[in-house]
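Order-wise, the sequence lines are chains A, B, C and D. For the first sequence, the working numbering begins at 2 and goes up steadily by one. For the second sequence, the working numbering begins at 58 and goes up steadily by one. For the third sequence, the working numbering begins at 617 and goes up steadily by one. For the fourth sequence, the working numbering begins at 617 and goes up steadily by one.
Don't take every hint at face value.
Pairs of lysine-lysine residues, derived as DSSO-like cross-links and limited to a Cα-Cα distance of at most 27 Å, are as follows [stated by the list, open to error]:
1) LYS657(C) to LYS345(A)
2) LYS172(B) to LYS431(A)
3) LYS657(C) to LYS222(A)
4) LYS677(C) to LYS222(A)
5) LYS462(A) to LYS59(B)
6) LYS677(C) to LYS677(D)
Keep in mind that the hints were calculated from the coordinates and are not lab data.
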Amino acid sequence: MALDTVAIAEKTPNQEQPFAALGLKNDEYQRIREILGRRPSSSELAMYSVMWSEHCSYKSSKVHLKQFGEKAPHSDALLVGIGENAGVVDVGQGYAVTFKIESHNHPSFIEPYQGAATGIGGIVRDILTMGARPIAVMDPLRFGRADAPDTRRVLPGIVAGIGGYGNCLGLPNIGGEILFDETYAGNPLVNALCVGVMRHDQIKLAKASGPGNLVVLFGAKTGGDGIGGVSVLASETFGSTGPAKRPSVQVGDPFTEKVLIECSLEIFAEDLVVGIQDLGGAGLSCATSELASGGSGGMQVALDTVPLRDPSLSPEEILMSESQERMCAIVEPGKIARFLEICKKWDVTVTVIGEVTDGDRLIITWHGEVIVDVPPRTVAHEGPVYNRPFSEPAYIARANAQVLDLPMPDESEIAAAIVKLMSSPNMADKSWVTSQFDKYVQGNTIQSQPEDSGMVRIDEKTHLGVAISTDANAPWSYLNPYEGAKLALAEAARNIATAGAKPLAVTNCLNFGSPEDPGVMWQFAETVRGLADGCLEMGLPVTGGNVSFYNQTGDVAILPTPVIGVLGVIQDVRSRTPMSFDRAGIDLYLLGETFADFAGSQWAYMHEQRGGQSPQADLQREMRLIELLLECQKLFVAAHDLSQGGLAATLSEMVLRNGIGAQIQLTQDLATALFSETPGRVVVAIDPKNSVALQEMSQKYQIVLTKIGVTGGESLTINNAVISLTALGDAFMSTFPKLFG
Amino acid sequence: MKVGVVTFPGSLDDHDAARAVVAAGAQAISLWHADSDLKQVDAVILPGGFSYGDYLRCGAISRFAPVMGSVIERANSGMPLLGICNGFQILCESHLLPGALTRNEGLHFLCKPQKISIENNSTAWTNGFAENAQILIPLKNGEGSFQCDDATLTQLEGEGRVVARYLGVNPNGSRNLIAGISNARGNIVGLMPHPEHAIDSLTGPSADGLPFFTSLLTSMVGR
Amino acid sequence: MATIVVDVMLKPEILDPQGQAVGAALPRLGFTFAKSVRQGKRFEIEIDGEVTPAQLAEVSKAAETLLANPVIETFTVRVEN
Amino acid sequence: MATIVVDVMLKPEILDPQGQAVGAALPRLGFTFAKSVRQGKRFEIEIDGEVTPAQLAEVSKAAETLLANPVIETFTVRVEN
Ligand SMILES: Nc1ncnc2c1ncn2[C@@H]1O[C@H](COP(=O)(O)OP(=O)(O)O)[C@@H](O)[C@H]1O
Ligand SMILES: [Mg+2]
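Sequences and hints are given; from them, build the entire structure.
Structural data, given as structure tokens:
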């Protein structure tokens, strides 16, 4: 292919261009021509097409996401908000914490190991880019039915990829989720969260300012990885296009990333960069246009200086390549020598590829000829915006009207029912998966799976720490996306508070079907509205997130799955409350009331019923509950949230954690008491001498308190039903090894 | 007393090893793989991690790092040297210890608290343990299965050079449940599980790992 | 009895971090002969009796399904003597 | 330009869990031809110019030093056409 330059583009206005094959609509192409006042060169076309893809431009979601700004609660903790690579919050003592969640769903279906691995790699670079040392990762996952053959291909590969990459980076894995539903067959969800920590004055931003400053590319060499992947892989439904359109898969090199992290942190510590951006989706197209757009706009880059792994790449391909483990920094000329020296120490490839100019154009040359000359904002930030039509899908009324018909076991049947529940894949022990992840590295992990939240210490002297939980309840979101989003938010916040951490900020990954389906778009719009309203009410700012559309096979979309991550701070990690008790003779109490909330429950899922009405979120009550949990923290021996599987699951998990049983007395209808999933409930364990104090607190915060039993023995006994810990444990532990071992 | 902790590209548990050294009351000195100067340390720890990404074979590339020349020389003349996990793999690749660490039998990376027994409490790194002490420390690796030929195995067992053994189910297929071995002199020890992650029950499954590091102090003082 | 060998290599355009690491280590040890190194897998499969064309086709099918991932890898099947 | 191939296999007496896992997976997929499977590594080394005996000897030395661990592995070196 002959080189297409800006000069040629000016001379050949009528040349036909393959914009449609690159995923651009005709009106989008016309807009590019308007912006430039001519046809784009082929390199410019490549840049616009990847940057204006759904994945990079958020063109379908933008109009909704802006609610996170409009309804943002006031927060003193927020140091950097939405718009940067990741949000940053102040956690006190001069520390700033950054965290973000992203999806790598489509690539993980095609090549589970590499797809998941590069998902971890990408989110870690986003955190590093903010100037922070990454300190932990989490991985909320969804799969098709556990016993489906393809799940046996996809799940082990994804798990090995997450472990293979994260372990090699030395990042403890402190939590996540693993749930199964047939709608995820062909559309597994791999969401990855990373959290990092820095001092306030170390925060870095993605902006190229200061004419004369150098544009420096460092990290791995550029190859043909995932070219077009960002637009095609992340934005198109499989099946319709067939395998011919499948672009090559990106392969990750965690060792290179580990070295890149250490090298970058050393560079940051010596304050050698003005701005920095990682190369993720859309590679250099994204990094150069975003850096320039974040600054005053002027930048000149000599693309032929980019070090290549594959020398045959064309300029268009270099611009679109998604080779992993690369970063782009803006460096003052006076500091470049030291910058290069540190890269040499770490054996990191580094090249000066251009400089910041005082104009407002991004100009890219190829052996001296201008191949790109664009206003960078039009590429990075002023892409198309769609007001996609949305309307409540027909299934909503039908499903909400459905009356559930579920077996309600009595006392003689309850033991078997609980064993069955706890051995079902969604509820069963996940250590087959989590034992493949390093949770000890860095020596600061206070809590990880199976605790309610992950917790890491960030200061060894003061014992300051942060806790994070990610939650989604897709069955509720399916029935009512507005309430579902709020309920997931409340659950994540509660999961932090049970350990004794105060919720501070929110990140989210919104996984949906095709935005071109008005019903899916309605689910999305309702979810964002619910989350924005919920965050405003709870006073928690959304600091960033990610949207993943097109998770659907043919007409069947995944359940709407908004994964909400909440980060909280704990002043002294030594005081945290674990999820279970380590001794007999402790009283167990239930905080919160139980109603017959079976819609979207695990009990309903096990009986293949999806209908009914989801519970309504009562966030005022949730906030009172959180305050109670934080104020009473010193009273608690253990505290464990109730969610999927209800009280039955919570009690089972508590007794199995340390092998200490419990005697439970319930007065309500047993099946309702045990399997209902009414939100806003927590089981707490206290020394009997503290019962008066707890009662006073429950009155102060108006949270219903019920004593349900005492700890001890070798069984979980509920009224007269006895479940031996051995039988329960065997059922709980053996499901995953049987399925995937 | 100064204990050097080597950082290779891809080392992960160097910071943890240094923390454990300090917790034991010694001074931790950071050593860089590309620098053959051992900075007058009294002992060296090769920490866990994925040096050079564990590509090719774990430890195979690190073994040739400039620092290893000095480490091997000093260790051969009696300097205490502990290799943990990746460090153990480097010791085997360097032929300072016999045998090799191969892919776990279960083929997965495995991270869990592991019970082990200390079978030799006379080495530089284990003299602080009671005879046959049973301890709980993290095991985390993908290639931790200790393999060697029969003659080597007989020799290791016969000379009491099996320093630590897994208790319970064999976690990775290691011959004779071997979790750690020493050289004949007892100054070089390789250990698959991670004592440096078990110096405080807040972050580890126990504090059982600390005696590895305090043992060193005792053995150095006694010299 | 015969041995069938299946060689699996990453496609040329796919990043091969392992090969790269080996390629970088060789010159540090004074071995300067290599322009590039790629690392792959080798399977030695023992079968009973003679090798028939039908059997080789079967092995190729197994290679495509299990031994190699055609998204990122290529493979060859041959009989070893 | 030529390609030198180094094949590295675990010694027969060393446990090969990867080969075993493949051997166990094949019949589950309906492939019944394999009596046993061993998994090893294959290195493709590209060199400039002709292959000389001296160069092959050099590659063998590199294989012995770096590419294979003689404690558990054996290797072969050959020129590929
Ligand atoms: N669901 C969401 N909620 C809040 N912010 C979002 C959401 N999705 C995307 N964002 C924000 O939009 C910006 C652009 O996202 P993205 O292009 O994915 O960044 P990057 O390429 O660095 O991953 C980021 O600041 C991101 O946090
Ligand atoms: Mg980014």
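Going through the hints against the structure:
1. LYS657(C) to LYS345(A): With Cα atoms ~32 Å apart, LYS657(C) and LYS345(A) exceed 27 Å; violated.
2. LYS172(B) to LYS431(A): 21 Å, holds
3. LYS657(C) to LYS222(A): OK: LYS657(C) and LYS222(A) at ~24 Å, within 27 Å.
4. LYS677(C) to LYS222(A): 35 Å, violated
5. LYS462(A) to LYS59(B): Judged against 27 Å, a Cα distance of about 23 Å means the pair holds.
6. LYS677(C) to LYS677(D): It is violated: about 37 Å lies between the C-alpha atoms, which goes past 27 Å.
Hint check: violations occur at hints 1, 4 and 6; the rest are consistent with the structure.
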